[in-house]
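If you're matching them up, the sequences are chains A and B in order.
Each residue of the first sequence is one higher than the one before, starting from 1 at the first, in my numbering.
Each residue of the second sequence is one higher than the one before, starting from 1 at the first, in my numbering.
In short, the hints are calculated from the structure, not lab data.
Quick caveat, the model's predicted, so the values are computed rather than measured.
Keep in mind that the hints are not guaranteed to be accurate.
To be verified - Some chain A residues flagged as far from chain B (calculated, every beta-carbon gap over 10 Å):
1. W17
2. M30
3. D45
4. V48
5. G125
6. R161
7. H213
As the list claims (entries may be wrong) - Capping the alpha-carbon separation at 25 Å, the derived lysine to aspartate or glutamate pairs in DMTMM-like fashion look like this:
8. B:K233 x B:D124
9. A:K85 x B:E3
10. B:K173 x B:E3
11. A:K85 x B:D308
Glycine included, C-beta positions come from ideal geometry on N, C-alpha and C.
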Amino acid sequence: MARKKDLFFWLTLCCGWVILAFLLLPLIEMVFAPSVQDMRVTIEDPAVRRTIGLSIYTSGLAALISFALGTPFAYLLARRNFPGKRLVESVVDLPIMIPHPVVGIAILSLAGRNHWLGEFLQSLGVRIMGSVTGIVTVLVFVGLPFFVNSAKTGFEAVPERLEKAARTLGASSWGAFVRVTFPLAWRGMLVGFIMCMARAISEFGAVVIVAYHPMVAPVMIYERFTAFGLKYSQPIAVWLILVSLSLFLLLRLVSRGRRAS
Amino acid sequence: MIEIRGLGVDLPGFCLRDVDLDVAQGEFFALLGPTGAGKSVLLEAVAGLMPLDRGSVFLNGRQITGLPPERRGLGIVYQDFALFPHLSVRDNVRFGLRYCRDRDRAWQNALGLVERLGLGPLLDRAVAGLSGGERQRVALVRSLAVGPSVLLLDEPMSALDPAFRQDVQMLLKDIHKDLGLTFIMVSHNFEDVLFLAARGAVIDQGRIVQSGEVAEIFHRPATPFVAAFVGMKNILPAVCGPDGVRVGDLTFRTAGRCSGPAHLAVRPEDIVLGREDLAGRYANCFQGRVRSVYPEGLGAGLEVLVGDLAFRVHASQRRVLENGLDRGTEVWLAFPEDCLHIIG
């Protein structure tokens, strides 16, 4: 006879159902709210297509920059112990905790005319306020912790002994990283890349301060919502979800394919 | 030839101090010591995988202290073998060949070793599916393939099924003999070392406490620690006098001369055990009482009290049964003179 489940089991199960319903119901409601006609009309609008394209482009670029800068740094954090390491790790996590508009304000205050850095950037012709550069800068700021933490976990899972063995076989530290550590830790980096991009594509608060225009999808959704109401903002939101979901699915599939080979 | 001079490594909670060692070309050298003594740290320090805080390492007269590990020409086989899990056996073996000058020749040599160690059928297998013994052989070939002048072995037997111990011992001995390389093996097991190595050093708490011929270490341990490590389970504080060595109320006649405070050490298997007085046959003969009998290998261990001194004695199971040795049995212990070791 099957053992009778106790009260605690039912409690855990109930909480699970409540959470799933809480997360899924609003999304399902929103995804099925617009008609096919609404969806078609929306995507035929060149401004919407441009906006979604810009969202993907800027968040992808932010993830690539995070990958390039974050990989060596994540490796350092995974392999070395140094005084103040905890503090450095907390600094990396800082963007997750700061309110998003504050991130935008902080970056603007550095990039403005009143700051030597802002002046220097302007002398180079780099504009942060209201530019794609500004959007990417903000997205790297908010997405970097996700990449660094995930890549670091990936590196920590590779035993250091494997690198040591590679060194005694003739590989330099770079060679050991490229031929041993990277192939074993790339999954952690891919997960970090996806998380970073996902975080960047959903950013609104910081972007809206730094660059209302050119418009990324979350800003356009907000603009349509305030100007025309819920009905007009929903289809763009659904398109953004569909495009990002298929992108992330594709990345996952590619990673699985590589693993199988 | 490897010369280690004044080597020191400081790690959190542990340090390796003033290590001086000489390992001759083609020698099988053993680094012995209990777990946590610093043997593996020393091995990694020699290989360049652990930065030195003090001292220097010379290989064939050339200072290699500042060289990165890939330029030292020292191979290492780790306890857990450290095979690359994303590569096949073949690619593991070939890993280091791209850094060799004559790759084709190195690969031919490696293939010879692959065949000799019976790894031919495994070349295209993934590392994950290999047994412990197979992994070890792959790790050996991988290290030897790049032609190191010294091979460092970190506890080569400890991760293996005890049933394969002898096979691995034979294999290592043969490879060492045939290739003529210098082998430095780390081990906490004296039996392995007795069979394989000619010379060795015992490390305790980051210091070398004795080095020299393995047989010498075995027969003449320099400190009570080394004596315990090489299986002398009876180590008693003693005072040497003109009439012999006094341990508690007992006086022992020994072959060697000594004076002042010392330790008397004797192996459990060297003590002769009998139910009758053995005084007619042995010089040092004392009556005692069995305090406990416990299993020890295929035989039995006995703890025998002589006065208030406890001795550990080894006996065969047959002897224990035939003599009805049990707790409380009166017995005679004899200590042959040449089996008593005085540690100054």
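Fill in: Least C-beta distance from R161 (chain A) to chain B larger than 10 Å
4 Å, violated
Discussion item. The output says G125 (chain A) does not contact chain B. Does that hold with a beta carbon cutoff of 10 Å?
Written reply: G125 (chain A) is indeed farther than 10 Å from all Cβ atoms of chain B, at 43 Å.
Discussion item. Need the status of pair K173 (chain B), E3 (chain B): alpha-carbon distance at most 25 Å?
Written reply: 23 Å, holds
Discussion item. Against the 25 Å threshold, does the CA-CA distance of K85 (chain A) and E3 (chain B) hold or violate the hint?
Written reply: 37 Å, violated
Discussion item. Holds or violated: K233 (chain B) and D124 (chain B), Cα atoms, limit 25 Å.
Written reply: 49 Å, violated
Worksheet item: Would the least Cβ to Cβ distance between H213 (chain A) and chain B come out above 10 Å?
Response: At about 47 Å from chain B, H213 (chain A) clears the 10 Å cut-off, so the statement holds.
Discussion item. Please verify that the nearest CB of chain B lies beyond 10 Å from M30 (chain A)'s CB.
Written reply: Answer for M30 (chain A): holds, closest chain B Cβ roughly 42 Å.
Fill in: Distance restraint between K85 (chain A) and D308 (chain B), which requires alpha-carbon spacing of 25 Å or less
57 Å, violated
Fill in: Interface exclusion of D45 (chain A) relative to chain B, criterion Cβ beyond 10 Å
47 Å, holds
Fill in: Distal placement of V48 (chain A) relative to chain B, Cβ over 10 Å
Answer for V48 (chain A): holds, closest chain B Cβ roughly 44 Å.
Worksheet item: Beyond 10 Å from chain B, beta-carbon-wise, is W17 (chain A)?
Response: At roughly 39 Å from the nearest Cβ of chain B, W17 (chain A) sits farther out than 10 Å, so the non-interface label holds.
The structure fails to meet hints 6, 8, 9 and 11 from the earlier list, while all remaining hints are met.
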